[in-house]
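Let the sequences and hints guide you as you build the complete structure.
Protein chains in written order, with this note's numbering: chain A, 6 to 275; chain B, 2 to 332.
Because the hints were derived from the structure by calculation, they are not lab data. Ideal Cβ positions, reconstructed from N, Cα and C, are used throughout, including at glycine. Among the hints, erroneous ones may be present.
[What the hints assert, rightly or not] Covered by chain B, per the in silico footprint, the following chain A stretches (three or more residues, Cβ under 8 Å):
id: 1; stretch: 99-105
id: 2; stretch: 210-220
[Said to hold, decoys possible] Not close to chain A: a few residues of chain B, all C-beta gaps over 12 Å, as computed:
id: 3; residue: 10
id: 4; residue: 59
id: 5; residue: 66
id: 6; residue: 107
id: 7; residue: 108
id: 8; residue: 124
id: 9; residue: 141
id: 10; residue: 162
id: 11; residue: 165
id: 12; residue: 166
id: 13; residue: 168
id: 14; residue: 171
id: 15; residue: 183
id: 16; residue: 258
id: 17; residue: 295
id: 18; residue: 298
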Amino acid sequence: MRALRIIVCIKQVPHPDEAKVDPETGLVIRDGVPMVLNPNDYFAIEESLRLKETGGGEGVAMTMGPPAAEAVLREAISLGVDDGVLLCHRSFAGADTLATAYALARGIECLGGYDLVLTGSRSTDGETGQVGPQIAEFLGIPHAAELIRPVEVEGDHLLAWHQTDYGQELLQMPLPALLTVAKGMNEPRLPSLRGKMRAKKQAITVWGPEEIKADPDRIGLAGSPTRMLETTLPARKTRSKMLEGSLAEQVAALLHELADMLPGKAGGRP
Amino acid sequence: MKEVWVYAESEGGRLHPVVSELLGEGRRLAERIGGSLGAVLASSHASLAEELALWADRVYVIQDQSPYTDEWQGQALARLIEAYQPGIVLFGGTRRGKSLAPRVAARLRTGLIADCTSLRLDDGGLLLAELPTFGGRLLTTIACPGHRPQMATLAPGAFAPGPKGSGGEIINCPWAAPEVRAVEVVAQEPLPEEDRPLMGAEIVIAGGRGIGSRANFALLEEVASLLGAAVGASRAAVDAGWVEPEGLIGQTGVIVRPRLYIACGISGATQHVVGMQRSEVIVAVNKDPKAPIFDLATYGVVGDCRQFLLELKRHLAPSRPVDEENEGEND
Ligand SMILES: Cc1cc2nc3c(=O)[nH]c(=O)nc-3n(C[C@H](O)[C@H](O)[C@H](O)COP(=O)(O)OP(=O)(O)OC[C@H]3O[C@@H](n4cnc5c(N)ncnc54)[C@H](O)[C@@H]3O)c2cc1C
Ligand SMILES: Nc1ncnc2c1ncn2[C@@H]1O[C@H](COP(=O)(O)O)[C@@H](O)[C@H]1O
Numbered sequence: 006m007r008a009l010r011i012i013v014c015i016k017q018v019p020h021p022d023e024a025k026v027d028p029e030t031g032l033v034i035r036d037g038v039p040m041v042l043n044p045n046d047y048f049a050i051e052e053s054l055r056l057k058e059t060g061g062g063e064g065v066a067m068t069m070g071p072p073a074a075e076a077v078l079r080e081a082i083s084l085g086v087d088d089g090v091l092l093c094h095r096s097f098a099g100a101d102t103l104a105t106a107y108a109l110a111r112g113i114e115c116l117g118g119y120d121l122v123l124t125g126s127r128s129t130d131g132e133t134g135q136v137g138p139q140i141a142e143f144l145g146i147p148h149a150a151e152l153i154r155p156v157e158v159e160g161d162h163l164l165a166w167h168q169t170d171y172g173q174e175l176l177q178m179p180l181p182a183l184l185t186v187a188k189g190m191n192e193p194r195l196p197s198l199r200g201k202m203r204a205k206k207q208a209i210t211v212w213g214p215e216e217i218k219a220d221p222d223r224i225g226l227a228g229s230p231t232r233m234l235e236t237t238l239p240a241r242k243t244r245s246k247m248l249e250g251s252l253a254e255q256v257a258a259l260l261h262e263l264a265d266m267l268p269g270k271a272g273g274r275p
Numbered sequence: 002m003k004e005v006w007v008y009a010e011s012e013g014g015r016l017h018p019v020v021s022e023l024l025g026e027g028r029r030l031a032e033r034i035g036g037s038l039g040a041v042l043a044s045s046h047a048s049l050a051e052e053l054a055l056w057a058d059r060v061y062v063i064q065d066q067s068p069y070t071d072e073w074q075g076q077a078l079a080r081l082i083e084a085y086q087p088g089i090v091l092f093g094g095t096r097r098g099k100s101l102a103p104r105v106a107a108r109l110r111t112g113l114i115a116d117c118t119s120l121r122l123d124d125g126g127l128l129l130a131e132l133p134t135f136g137g138r139l140l141t142t143i144a145c146p147g148h149r150p151q152m153a154t155l156a157p158g159a160f161a162p163g164p165k166g167s168g169g170e171i172i173n174c175p176w177a178a179p180e181v182r183a184v185e186v187v188a189q190e191p192l193p194e195e196d197r198p199l200m201g202a203e204i205v206i207a208g209g210r211g212i213g214s215r216a217n218f219a220l221l222e223e224v225a226s227l228l229g230a231a232v233g234a235s236r237a238a239v240d241a242g243w244v245e246p247e248g249l250i251g252q253t254g255v256i257v258r259p260r261l262y263i264a265c266g267i268s269g270a271t272q273h274v275v276g277m278q279r280s281e282v283i284v285a286v287n288k289d290p291k292a293p294i295f296d297l298a299t300y301g302v303v304g305d306c307r308q309f310l311l312e313l314k315r316h317l318a319p320s321r322p323v324d325e326e327n328e329g330e331n332d
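Here's what the structure looks like:
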């Protein structure tokens, strides 16, 4: 294994279990919801640390978000990532996946060389899983989605097992490449005390659109082709027919109701 | 611009089941805008192009023997889209669709709307795509007003297949396949052939945390085979290790719309509900009469799901007497 420069893209998201929807208005209640590192991104961080431990090299965590998103970079550093880069400016706000991926790709290109980009498989708030493949397209590098086994690096290419709809597949890809890391492919570690100390002190690089030489028409809301038009509450169906009596009686009644849907003998013996 | 395209995902000479759903929805949209329906196929299996021509007005074939990679098919698709300029391009929200479509959209610098469960068109032909967000607690409508094509991935199982067309034209596009390939497929380990795949199943019986144990889940599987049903699960049952993740139904799993869905020991969390609410008939079995699943069930059974399964088994396999003490666990 050789030393790699690995970029891990991570995202700060509202705590998945605590974001609530107002059942009357259908609006999302964000007040007081704690912000956390996107759960899937821990697996990407862990794979970057494992690669660094086997072959040496360096890991850089990058996120695009508000000033508070710095917290997820510090968390990555506490786990063992070397540096953090925060893409932060009002003009980045309102980005859809295309504008997010464009900004991250610009940021990565301004880092002065890289061998591998890792992302989570999807975020719990964006939930599209699109950002990883789109970063790869903007960087002009190949990608594989849903890495399921540790990567092997041989010379100027890597070998990656990933999950497909039809099974598992081993790809040989030239470096640099991008991999989205499947949930559960490894066991993310906990931060060490030394890591936590370092995370507190470490300087974080903050870049705006000028530092990454971004085209202002391609970032934030201006660079986002998609528009959210409305949110509504899903319609609830009417209350069901509750069957009555003992369990045996309920099952008999059920089989009677379902008689024409079930195979052969089901309806037969009430 | 008047054409609606669907990406006809295939592997090993077979179309993915989601393709019939894409063709169905694609046809509906094409009729609304007074346009035609195109299907893009990257396969050298001539029979697939002929099959697609039964449904689509035009089948664009990228003839290529190489194994699929996102890299080359992304380039090939983008070239085709630039050449023919369809107004709408739909992909299945399969692993492949969700890996390929983002690259194509980025290459064309257009928008891509993910995991749609319903599509409409406004009077100006703008695609209004609806998808569940916040774990299914909300429905969000997204559009791509200023960029073309309008692209979306459609949640598998959420759309109905449509009627056949009047026999389409097959267009071979050899020039669409790029020459440079950097990624190579070195090895493949196919999934074992599933006995009763979830998607497309007529009957699905699913278990949740209330099933209680691996042994009880085995009882559910036994009942499923008596019913000829596919086995599904909630996240809680998958996390407990009683069933493989392939069985997960819901927001992070598959969407099913069988004729009959039986939910055993599932509370009805919105993340689960988005995956099964379109089932024709829903039976819910839960010991808690206030469980939210009863709000959308057609028939509700209040009681212990293990007892329910034993009772059901007794009816379905009446010849073999059931020894209750040896069936599953009571915990
Ligand atoms: C981002 C995100 C994505 C998610 N995606 C999914 C998804 O795709 N699919 C999914 O399913 N979940 C998903 N979840 C999890 C979801 O929120 C619920 O936690 C999950 O569906 C609960 O599963 P359950 O109904 O089996 O368990 P529980 O909610 O614990 O319900 C168990 C039910 O069983 C009943 N019960 C208990 N014992 C018995 C008995 N002996 N007999 C009969 N009934 C009994 C109880 O009354 C209860 O109603 C997601 C969550 C998040 C945060
Ligand atoms: N704003 C962001 N900053 C850094 N990485 C991101 C951002 N948004 C998405 N990602 C990465 O892309 C992955 C997929 O996100 P999504 O497409 O939103 O589901 C995440 O797991 C992150 O690794």
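For which of the previously enumerated hints does the structure constitute a violation, in increasing order of number? 2, 3, 6, 7, 9, 15, 17 and 18
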